[in-house]
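Visitor: With chain L fixed as given, assemble chain E onto it according to the hints.
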Amino acid sequence: MIHSLFLINHTGDIFLEKHWKSVISRSVCDYFFEAKEKAVDPENVPPVLQTPHHYLITIYRGKLFFLSVIQTEVPPLFVIEFLHRVADTFQDYFGECSEVIIKDNVVTVYELLEEMLDNGFPLATESNVLKEMIRPPTILRSVVNTLTGSSNVGDTLPTGQLSNIPWRRAGVKYTNNEAYFDVIEEIDAILDKSGTTVFAEIQGVIEACVRLTGMPDLTLSFMNPRLLDDVSFHPCVRFKRWESERVLSFIPPDGNFTLMTYHVSSQNLVAIPVYVKQNISFFETGNCGRLDITIGPKQTMGKTVEGLMVTVHMPKAVLSTNLTASQGNYTYDLATKVLVWDVGKLNPQKLPNLRGSLSMQAGAPKPEENPSLNIDLKIQQLAISGLKVSRLDMYGEKYKPFKGVKYVTKAGKFQVRT
Amino acid sequence: MQEWANQLCENRQFGSKMTDSKYFTTTKKGEIFELKAELNSDKKEKKKEAVKKVIASMTVGKDVSALFPDVVNCMQTDNLELKKLVYLYLMNYAKSQPDMAIMAVNTFVKDCEDPNPLIRALAVRTMGCIRVDKITEYLCEPLRKCLKDEDPYVRKTAAVCVAKLHDINAQLVEDQGFLDTLKDLISDSNPMVVANAVAALSEIAESHPNSNLLDLNPQTINKLLTALNECTEWGQIFILDCLANYTPRDDRESQSICERVTPRLSHANSAVVLSAVKVLMKFMEMLPKDLDYYGTLLKKLAPPLVTLLSAEPELQYVALRNINLIVQRRPEILKHEMKVFFVKYNDPIYVKLEKLDIMIRLASQANIAQVLAELKEYATEVDVDFVRKAVRAIGRCAIKVEQSAERCVSTLLDLIQTKVNYVVQEAIVVIKDIFRKYPNKYESVIATLCENLDSLDEPEARAAMIWIVGEYAERIDNADELLESFLEGFHDESTQVQLQLLTAIVKLFLKKPTETQELVQQVLSLATQDSDNPDLRDRGYIYWRLLSTDPVAAKEVVLAEKPLISEETDLIEPTLLEELICHIGTLASVYHKPPSAFVEGSRGVQHKRLPGSAGSGESVESPDTGSAAGVSEAPPAVIPSQGDLLGDLLNLDLTPPTTTGPPPPSSGMQMGAMDLLGGGLDSLMGDESEPLGGDLGGSPAMGAGFGAPPAAMPASFTAPVSGGLDDLFDLGGGVGMPMGAYSPPKTVWLPAMKAKGLEISGTFARRAGVIQMEMTLTNKAMSVMTDFAIQFNRNSFGLAPAGPLQVLTPLSPNQSIEVTLPLNTVGPVMKMEPLNNLQVAVKNNIDVFYFSCQYPISMLFVEDGKMERQVFLATWKDIPNDNESQFQIKDCHLNSDAASNKLQGSNIFTIAKRTVEGQDMLYQSMKLTNGIWVLAELRVQAGNPNYTISLKCRAPEVSQCVFQSYEAVLKN
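Going down the list, the sequences are from chains L and E.
Quick note: the first sequence uses the UniProt record's numbering, first residue 1, plus one each step.
Quick note: the second sequence uses the UniProt record's numbering, first residue 1, plus one each step.
It is possible that part of the hints are untrue.
[Stated by the list, open to error] Okay, the calculated beta carbon distance ranges per label pair:
id	chain 1	residue 1	chain 2	residue 2	range
1	L	Glu-245	E	Val-109	50 to 58 Å
2	L	Glu-245	E	Arg-252	27 to 35 Å
3	L	Met-215	E	Lys-145	28 to 36 Å
These are computed hints drawn from the structure, not numbers from a lab.
Predicted model only: the values in this text are computed from it and were never measured.
Idealized CB from N, CA, C, for every residue including glycine.
Excised from the complex, chain E in its bound form:
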């Protein structure tokens, strides 16, 4: 204290360094003690200085909570600065000292009545920040008054306070009717109040997706648009974001809103600009394209977007991510603005990479020369990541703009000549893609590529090179030598390279069978016998079996003509793009993921969709093609980037999935089962299969294989065989589990007309602890289908295929096959709406098809879902009553025992039964694959076909699905 006083004197003497840094100087022991004494000093001045010191310590993260009572004592003062400082302190520490915080309540309540509106507002604002339940109770009355205060400054502060209170205690806010008051404030006379009310409601609505809080109708829209012109820039953002959620009734309303929003495009605040762009992009969908105004609007959108790029780099980054979406949806807006995306060498790297992406999106025949010149420039820059991306971009240009392909290839060759290692590798990877897009056109460069074989050290480049050698084996004289050189270090290669090498050598063998027999045997044995990787092993077996069974068929399969890759790579999938356009300016737009995928706390965010075009002039669209068709006449085929949801599907041949997760139970057993089945097959396999078959036959894997569920069944070699097998296993299943789990009947998931002739119907089942997807694939097209593969989108429970889709023979026209796909639950998780929705992509040689289906959640009930009685009781009590939901099951004529039995088959376990006044109460538990427990009370009254079920779960969102499963199980 002495030191502090001294210093103060010193400061006074010199009168110069009167800054707050002095508050940082006392860091000695006993500091708290000294401050305490000062806070209790009689002198006002000393008190204030002391509070300032406390605040200073707080800002740097020191714990000064021990001073709570002393600081609160200083609160009753008429000095506004001191009051504010004490309030600052209170907000920080009230949570840790709730009992003490109560002491402050009276002062707050008194301040809320103060004649000075500044103090009223300050008090209500601070009270809302004190997150202590006891205090919030006292807050209600003052808040109610402040919401109706005569002074708009107080009202707008109070509006935000409702959002704060909601965050602390949502129920209280609803009970007290604050939400309605808040809704009334949307019609307030003061635009600032309107803006804050909208902001508060939007925040509250985010945690209540279905609450319909912001019920927008033409009247409220009109009020919002009026307030939009007069409120602060931040208020404008809130209002614009709120407007974007509105769906206009017709194109006329849409146009009038657009007209009133366009002036915002000239705002200095870039967030306002981008929110306005969002509203316009969304409402534009409804305008008929032949309207003059539509063209005017398109023109108006370009300049503000360009202007965003001259802002600070952080703003540029967000703007670029959004522009990336906008140019995919409406490339015409920025098609003349290519040059603003040219990279400056002192741009931050994150801006450079984004600019590059957009340059490619905008590349067209008209500007390709400029773009290529730029890209070549970038390829000699310093930053490795950027150089790589630039080289890749050249390849993408070649694929996108056919006329430029030749120039791109020669540019790439120039770059290869530089011998800079990473440039060469990138170039080879993209040349592979160019080969696929333009087969038989640029193969003259292969010789140059082969020169660089030794310098390749990255798996992707090696795999690409191997693919090229395999694909063009007949034109490369020493292809066998080249591939053999790779084979030496086979086990040190990454899976990607190994798989590619295997395929390439098989291709080579099929092309030059005479000289390469030894090589192919070597690689097959390396893949099947010495490798632990199930993918590699399976592929090895498949090739082996194919080659030995029917080399002609093998040739047809392995050397089949590949589908051309489409021109634009990594476009965002159209439905996702539509959703993201609705989220322009948000985090979702930065990450290019739907908000449901990552925003925490946004429980069940609703997927937004663009409004359909009103287009009265062009309305011959069928209803199910919906809005998408209205806008993009020919939706481009999509190749998502690697690592993306479907990346692996299309690249199956090039970059096979590298997951080395749990090996699918199929591999060992598959061969075993094969051998069992077909003595005939053995002979077909010839010599090579002998060691193989013998090896497997003796292995325990096979014995175990039979006990294992039919999940492991290979889908089929030929349809009839597989049918027979299924029968066999159905029988086995019947013996093992008398009460088979409920499995709904197959339904058509993908109608043939939507999938170029492929019809898929299917269902889900749980057999002996394994979740299965059972599908019937029917070819209703005129041509043969091959190369089936399947992939799931991320889903609520992480369902993922446990193995590849086993359709090994081509599916000829009018043929159907049954496929059973075992699933696991270790895939990536993303919450879906509804919860049990599963989005699936199936690929074949024709195209990729998407469909979604819903699985019964009972499939996810695990076998050890029976809870101990005591635990059940405790858990039931422990889960808050809010989480309980009640349902009625109608028209069910089982008695309680039968119901219990039936449910047990689906892993819903009855723990106890109680009979009260002729009513049976079954207490049941089940556990989901992700460890969520669901507790149930099922009430069955004799003679009454209606059951009542109460479900309790810590994750109440599953209740609805669980109820549906109950209903399905009980009624079947």
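Same shape as in the complex, but just chain L:
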């Protein structure tokens, strides 16, 4: 099982280590540093590394490497999932997951790690359970603790740990009872030069924020559940009900959680909300090139496209750009060679356009590769797959909760090839 954990920042300093079995020297990380050196970009470091006596499994999150050391045959996905869970927990506890914040809360971090894993076996990873045992730091509490000497470690057995619903703590009380669901869909797509869809799919997620007193039992039903053939659920969802009736029946965790994720596959037709007309070319002579990008609405279901942004990774030889944007601003980062055009709202009457010239390093050959365009966008009040929630019912409690559903569509990995 998981033997040790090292936290490493992107410059390669180990700033925290935790061992669940015997202590392993931090020199084991040298193999990782070697691989990191070789990979150049931190994103490209292979996640599973073999060393003479250990295996190193790493994830890269928020400019930090979470490196775990294992010695026996352990499912790597198990380790990777766990590491992501550690990062999620830090995020949940401290609001962000960064070197500074971890150092600021090092003792809590250490207590958390000890609670999450015992002898390499996961112990408590549900945020509800953890929060009952180790209270998250707040400014007020730390002041009070310092003054009164009380601790932030709970001394009762977390109730959720043993019940059949480990995700929910007992005795929850709210004055305002509310349940909100956000249906968020991301379009992953690759469009080719001519604008034809090479590949497109929708990754959907339903995020919930449930603050309800007692032990509510919820049922969420959809207008068109047939859309969903590939789903993964939070453990609270009763799978049998889904299989037989296509409704989500569950006792929710307290607070924020991901109720389900789904995936509308490339087999179904995926609506592409915008089209992109682009022309990026480099001339054989004169060390310059031209760029011309226009974006227009395609299948937006009558909604407005907002937060439109185009990112282009230019070839290394491009020194500077001289462009005019009919709408929004653009920046070109010389160091990373990234051109970002922040368009904003898409106005169907006056299509945004960016055009101008690119100047290249003198004497550099014409670039071989064509830069791809990355598109970001957002459409409020629309789930592009057409998914709609029809109703939410609550059983088991008597009060009337506030209920709400929000939809939003975003671009995920949305790429246009040139």
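Guide: Here is chain E on its own, set in the frame of chain L:
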């Protein structure tokens, strides 16, 4: 201390930055001293702050072990946070301060009785983490109580604690009966307890492969399946992995388990999903294919696999490695999902490369157009590794999907036109493969290829180009000029290129003998006289001899029709694939190697196999084809990727082995022996052989050659000659070593019916310090066999052929030849089961055949295996008694001296002999090639045919094999 206090005040004043980072601020000298004072402070608050500071220092790797007694003093407190912090500290440093750690024992024992279950659990959990023997003794009683605690939270913690204790002291756990208690916990009423018990047992079982700890029967399976629905996601992983080891009794049971596992495919945790996939993939084997449920299950598997690809890149990577296995086993699952494997430009490179692999596996006539368009796109990307692989992928598509070959070739030509250096080189390498797959079809492109000759600077590309020129010499007008241009820098080329150049020029000569005589002589002399590389030299000699003896035969050998390369490259070998499918989701599946190959500490991991199909409807399979046949009707021929076990075998002609290890003793001597033998041959060789023969004859190599073992004997030019030689050498061997080492009689390793008519029988022997594999190859087929080559899989002692398999003449039908292959022990090592198992691949012009055989371990006993008496005594005492194993040798009628003599012949040396009450005790030692010493005590009682032997060795796993060798040697 002052500074610390000041800062604390400051923090209080502002009340804002109340974070733990303050613990990092005191880094001055005397820090330890200050902390010590604070830890001993009367004020609780100060104590806690001090412990926090200590913990903070510990987390960043500072050594604060000096504070041990002071921190332990803080342990007796009712403040839970302080207690936890002290426990954290204890776990880290108890090992380095065992005596001090004892001080904590009482508190632990007391805490295990605390009314609060949280404290009981915490105490037992922490005690298990303190890896000090003295403490573990005290742990047993509290642990026993906690395993039966009324509170499930304590029980589940205690279950894990058993695994911890086992890691520290396995014997203790067994003696105390904790394993049985743990087994009982599988039937616990609380699912969390069940899951932890399973996890603990699985971990313990890993170090005890044969212990049968997880004895699964339908009842326990039912309990596990019930717990599966109710426990945490991590518990589900443990239970699913455990289920995967079960073999259902029949297809009905298999189906019912599958039905109960499928809901896990919709779990949010990808590790749960993949473990469920493993269970389903394995149990599916047992379902009859005509069952409706079988089809339903296949359909259900695709979506979760696709979903894994939308997770974080690290998860994607592991998922992709596993999908790679799954599509090889069951391509139908994902055949419609090609598009999800399309590469996005901001995927990490490790994801890109894996996706590419799977795209090719899924490529078929239906989707080839899409795939090719994508690959062409990738070939213009920035990342060099990725571009190369994309170009290679185009070639693989051409080979896999015949209809697309033409389009692939034209795509490759387009890419060559880009003149990007590495693209051109990759393209040429794959075009070579395309030529081999579709001979006489695309040669029109050769002209374009030749234009790029100068830009090639990588050995593989150069070798490929040279192969093309040699192969199609008759169609390239200036082939001789082209090859000559390469010849100028012959010595600077890599071995791969040199060998290829040699072969290509010989081919050229055979095709256009008139103009190229000079060229061929030049290359032969470069290869044989100026080169130090034994491979190159040998090949040079072979060609030389062939050309001068019988040009017609040479033509038949060199220009023989090549076997077609099969369509799918680098597929995993079927048996390995089966094993890996059983290990889906594990490290083995990421590395595509069996776990025994790399996991440390997994002593003798058992090879897992897929269960056979129950398939009542389709059961006309012969028993020995087993499960594999049940699933894949026509197992595809395999060309493993280069660098793989057999890669070199098939590519022999293209990329010859580049090992330049110890030169096989054969080369010099071989020619010498030849000359000795056949005056007739000399004349056949003509002028050219004169300088050669003379040179060798005078060299000391030849004199030495005779003393050398027959290992060095060339297998044969013609069978009778070799037979004669063998006799000669047997005689010599007899003189040199009166007590020849024991060599078992030849047995049939590869029956003819399994190898398309090739029968191989053989044995192993050790002659004058050289290990030999002696084989008889018999051709029982109707056609001539040529191009023999041999390769070993990695094995326990690194056995590897010390030279090529010397079968130089074609083996005609019904002919047998004797071949002796010298072996060395410098090959790659991998532990085998049984230890002395050797997997061999033999290739000939027809196919590649695999077989495995077992060698007597006595073959590995080296000549200097005699230990000094004193050393023997000391070593015997030094090796723990656990490592001693005792065996009986029955029905042996030798007296002790005869036995000792006989054993000495096999390098088992008697060091001392003692006689006690009519019983002779022989103390013996032997040493294995890898330096492992084995000590033995052999007890022989006069008149009693049963011997008792005790073996002691630091690596006790060899004992069984050594015993077998004793038995074999003594009885023969």
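Visitor: Does each hint hold? Answer for all of them.
Guide: Against the structure, the hints:
{"no.": "1", "hint": "Glu-245/L <-> Val-109/E: 50 to 58 Å", "verdict": "54 Å, holds"}
{"no.": "2", "hint": "Glu-245/L <-> Arg-252/E: 27 to 35 Å", "verdict": "28 Å, holds"}
{"no.": "3", "hint": "Met-215/L <-> Lys-145/E: 28 to 36 Å", "verdict": "33 Å, holds"}
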